[in-house]
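*Asks:* Here is how the chains run, residue by residue.
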Amino acid sequence: MRILAVDDDPDYLALFVETLSRLGYSDVTTALSARQALDLIQTSQTDFDCCILDIQMPETNGIELCAEIRRRAGYGDVPIVMNTVLSDKSSIDDAFAAGATDYLTKPIDEIETRSRLGVVQLLVQERLRARTASASHGTQVSASPSYGFHDSIPMKRIDGGIDVLAMENYLKALGVFRALSVVAVGVHVTNAREIYDMEGGAVFGDVMLDVATCISDCLPFPAKMIAYKGGGDFVCLLPKRRERDNASFGVQLLEYIAEFERIYDDLHMRLPMVSVGPATTCRAVHLHTPSRLIEEAISAAQENYRHEVNSA
Amino acid sequence: MHDPAADLSRSDPLFQNQVQTQVAQIRHRFLERLTDRCLDMEMLANSIDRTGVDIATVMAIRQHAHKIAGVAATLGFDRLGALAAETDACMARIDGQTDWTAARPLLESLLLEIESVLETHAPV
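Protein chains in written order, with our numbering: chain V, 781 to 1092; chain C, 32 to 155.
Please note that the accuracy of each hint is not assured.
Have a look at the derived ranges for each label pair, beta carbon to beta carbon [what the hints assert, rightly or not]: (1) V:825 x C:90: 56 to 66 Å; (2) V:1087 x C:129: 52 to 62 Å; (3) V:813 x C:124: 24 to 34 Å; (4) V:826 x C:85: 42 to 52 Å.
Partial chain C-side listing against chain V, Cβ under 10 Å, derived [said to hold, decoys possible]: (5) 58; (6) 64; (7) 69; (8) 76; (9) 101.
Here chain C is said to cover these stretches of chain V; the calculated rule only asks that three of the stretch's residues, wherever they fall, bring their Cβ under 8 Å from a Cβ of chain C [claimed, not checked]: (10) 996-1004; (11) 1032-1045.
Worth flagging that the hints you see were computed from the coordinates, not collected in a lab. Keep in mind it's a predicted model, so treat the numbers as computed, not measured. Idealized CB from N, CA, C, for every residue including glycine.
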């Protein structure tokens, strides 16, 4: 795994590289500033598999650098891990909003580093596998990528879009009190299977991105996170204090999707139909198993759909 | 690119020896920089004492504390790391003279701890 580690403190960087080497990660390139990191990304012949960025740096900080890296071609879904001391925890929201996948805390904790980079390595391998599969199927570079029905689809281009893994990591980073201020809302595309079977993986990916765009447009505030779980299921994290907006969210989403009806008709495609679940409150137990909150929100949306069918 | 270190097993005594040498070098450089950081923080704190709170100066102190907090514990200076982390968090909250008056004793403890570390482990 080719790692780019960025930190303006040479002592930290040297210790970190030494720790990574002990953990078996020996292909590490270092940069002492955001400028140097961007130059390395620009001039490197092969893309880095993972970037690890310090948050507090002079001039361009780690969060700004994260957003800038995300804008670079080929770096839309490269894992980006933020490195932070505990007092920086208030910056974590901004880091995830800028596209971070996970975070590590300073000082170096070897067990934490091993565990988090282990997950990152799995992501990198999965990314490589998807690329290889796409190349062996002769997919053209300009064509939309093709997805399996249960595959996760990158949401980085969507305002508030985030990977499911990054959403789980964000939930883990919240303390109990902040967690209580967040709700999760599931959105289930009820005819997802039908669209996938009729249109194939590439068009299905585009349709899910259309749905994600509508979800994002329905939530006109910056503090939102939208992740796609696969199988036509989305989950959104919203501030609880926006309860009024959340209540009208389902109705508005249906209206926004309906605006696509003519385009879909012209393309002879089925319009995605959605069911929105009730807001699921984040509880302390979810901080240890954030996937549970995501599953509960999605189940609530699916249950809502079953209820609508039964009562129709 | 071929990495000779990767050829060595991580439990190999030669690899362990190499690691220890690297850590000793990092520790040496950290202690050298710590002297400069201590002098700079003292100067910055005196400047605030004389002329009042200036956020840029507070942030410069915080930056030093932040860097020490990120590394000290890994190099075996646990108390220094904890004090630096506390100072870092405290400096982040400073918004006026009252906050500074409350934060100043904490910074003083950090500076004393740095002096104690340097007295015991001064680089030669």
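*Asks:* Check the structure against each numbered hint from earlier and tell me which ones fail, lowest number first.
*Replies:* Violated hints (numbers, rising): 1, 7, 8, 10, 11; every other hint is consistent with the structure.
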